[in-house]
Amino acid sequence: MRPVVWLSVWLLVGTLLFVQPSQDNPIGKPAALPASPKSTSHAWVLEAQGMIGQPAQAPAAHASHLVDLPDHPAYALAAFWFAGSKEARPDVRIAMSLWSRQQQTWTAPVWVVDRQTASATLGKGILHLGNPVAWVDQQHRLHLFVVGTGLGGWAAARVLHLRQTAASSSAAAAPAFETVGQLPLGWLWNLSHLVRHAPLPLADGGMVLPLHFELGGHYPAFAWFSPEGEFQGLRRLTDVGQSLQPAPVAVDGNHWLAYLRTLAPRDKLQVVASTDAGQHWQLQPELNLSQQDTAVASLRLPSGEWMMVRNPLERVRSQLVMHHSQDGLNWSPPITLAEGGSGSEYSYPSMRWSEDRLWLTYTHLRQGIAWQRWRAVPQDKGAP
Numbered sequence: 262m263r264p265v266v267w268l269s270v271w272l273l274v275g276t277l278l279f280v281q282p283s284q285d286n287p288i289g290k291p292a293a294l295p296a297s298p299k300s301t302s303h304a305w306v307l308e309a310q311g312m313i314g315q316p317a318q319a320p321a322a323h324a325s326h327l328v329d330l331p332d333h334p335a336y337a338l339a340a341f342w343f344a345g346s347k348e349a350r351p352d353v354r355i356a357m358s359l360w361s362r363q364q365q366t367w368t369a370p371v372w373v374v375d376r377q378t379a380s381a382t383l384g385k386g387i388l389h390l391g392n393p394v395a396w397v398d399q400q401h402r403l404h405l406f407v408v409g410t411g412l413g414g415w416a417a418a419r420v421l422h423l424r425q426t427a428a429s430s431s432a433a434a435a436p437a438f439e440t441v442g443q444l445p446l447g448w449l450w451n452l453s454h455l456v457r458h459a460p461l462p463l464a465d466g467g468m469v470l471p472l473h474f475e476l477g478g479h480y481p482a483f484a485w486f487s488p489e490g491e492f493q494g495l496r497r498l499t500d501v502g503q504s505l506q507p508a509p510v511a512v513d514g515n516h517w518l519a520y521l522r523t524l525a526p527r528d529k530l531q532v533v534a535s536t537d538a539g540q541h542w543q544l545q546p547e548l549n550l551s552q553q554d555t556a557v558a559s560l561r562l563p564s565g566e567w568m569m570v571r572n573p574l575e576r577v578r579s580q581l582v583m584h585h586s587q588d589g590l591n592w593s594p595p596i597t598l599a600e601g602g603s604g605s606e607y608s609y610p611s612m613r614w615s616e617d618r619l620w621l622t623y624t625h626l627r628q629g630i631a632w633q634r635w636r637a638v639p640q641d642k643g644a645p
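Be aware that the sequence shown starts at 262, since it is given in my numbering, and climbs by one per residue.
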């Protein structure tokens with residue numbers, strides 16, 4: 262048999278072996294649920310807003326991610342984003358700022374990840390860094406997942422896994438990170454996987470990390486992690502094409518939804534659903550919300566209410582809006598968060614609930630990261 266034929270056979274066998282789940286795969290554990298099993302409707306009032314400081318000599322910023330720090334005495338939230346001269350440039354690094362409980366403001370930004378250090382630790386060349394996603398494990402340690410590319414750009418990306426160092430775990434310290442490795446997401450050099458949206462928390466303290474694959478096609482995927490942050494398994498939604506950056510939320514422990522960033526020719530927000538805690542997923546009827554090739558953020562609040570932030574297709578990325586819902590399928594009229602003229606950009610939103618407030622960050626004109634804080638006001642009985 263010719264060598265090229267043997268290679269094709271081994272590639273096929275490797276693909277089949279990697280896709281098949283193992284018998285002890287922990288996939289199927291229930292999601293964590295909000296404190297209130299029934300959704301309570303609110304009106305929303307903008308309480309504060311501004312810009313997070315940008316590192317010096319970094320004119321570009323994008324892809325912010327918020328994570329709450331409920332057990333940290335000094336800081337309530339951490340914001341991460343990538344910054345540098347321009348997206349996909351060698352000088353791009355991951356920046357972090359913290360919301361000070363005492364000062365009630367964002368700290369000066371610091372660099373927490375650069376490609377040179379990541380490359381040296383992994384023993385593999387990283388040309389560019391991209392989207393960061395953070396999560397706090399059961400031991401109150403921050404984990405950071407960052408897109409790193411080699412040759413081939415974003416389509417050949419890997420997901421780097423970093424963890425908060427023991428030395429920075431004290432009550433007074435700001436987090437610092439050490440490299441754990443790269444996530445084992447594919448048998449072919451772990452290529453073409455990216456992260457963007459916040460994880461879905463599980464009832465046991467673990468989480469499900471949403472990802473997507475985009476080499477030769479685009480489809481969502483989900484990775485399971487233990488309460489200590491150990492990788493446990495993967496599910497690929499290969500039959501849900503032309504979509505990426507899933508934004509998962511839990512209806513109940515086993516019934517989950519995920520909203521998708523969908524690509525042309527689709528022009529409505531797509532949804533997939535699972536009724537067995539992520540083991541199997543099915544495409545649902547599209548929502549009556551316009552969307553195309555823009556990131557979506559979703560969140561289930563302690564009140565049970567559902568929140569979503571998106572860019573309407575009609576305004577491309579020049580308008581960013583927020584919706585709330587009682588069931589995750591039927592959504593309120595949009596609340597405008599930011600808007601500008603043609604060609605302006607307010608995109609890649611992130612949402613967290615902290616200190617009884619809804620917090621948001623998003624890309625502001627690719628020049629910085631904007632933030633907003635919203636207060637929920639219970640609606641009067643009988644109000645629409």
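Read the hints as simulated data drawn from the structure, not as lab findings.
Predicted model, so just to flag it, every value in this text is computed and none were measured.
A few of these clues could be false.
To be verified - Heads up, simulated DSBU-like pairs for lysine-lysine below, C-alpha to C-alpha not over 35 Å straight-line: (1) Lys529 - Lys385; (2) Lys385 - Lys347; (3) Lys529 - Lys299; (4) Lys529 - Lys347.
What the hints assert, rightly or not - Taking CB as the label site, the calculated pair distances span: (5) Ile596 - Ala296: 21 to 27 Å; (6) Glu489 - Ala369: 41 to 47 Å; (7) Gln545 - Val577: 22 to 28 Å; (8) Pro526 - His401: 41 to 47 Å; (9) Asn549 - His401: 39 to 45 Å; (10) Arg636 - Gly502: 25 to 31 Å; (11) Gly384 - Asp588: 44 to 50 Å; (12) Ala369 - Gly411: 30 to 36 Å; (13) Asp537 - Asp332: 30 to 36 Å; (14) Thr301 - Val577: 20 to 26 Å; (15) Thr536 - Lys347: 42 to 48 Å; (16) Ala437 - Lys385: 36 to 42 Å; (17) Pro334 - Gln543: 28 to 34 Å.
Glycine residues also receive a C-beta, built at the ideal position from the N, C-alpha and C atoms.
>> Hint compliance check: list the failing hint numbers for this structure, sorted ascending.
In response: 1, 6, 10, 14, 16, 17
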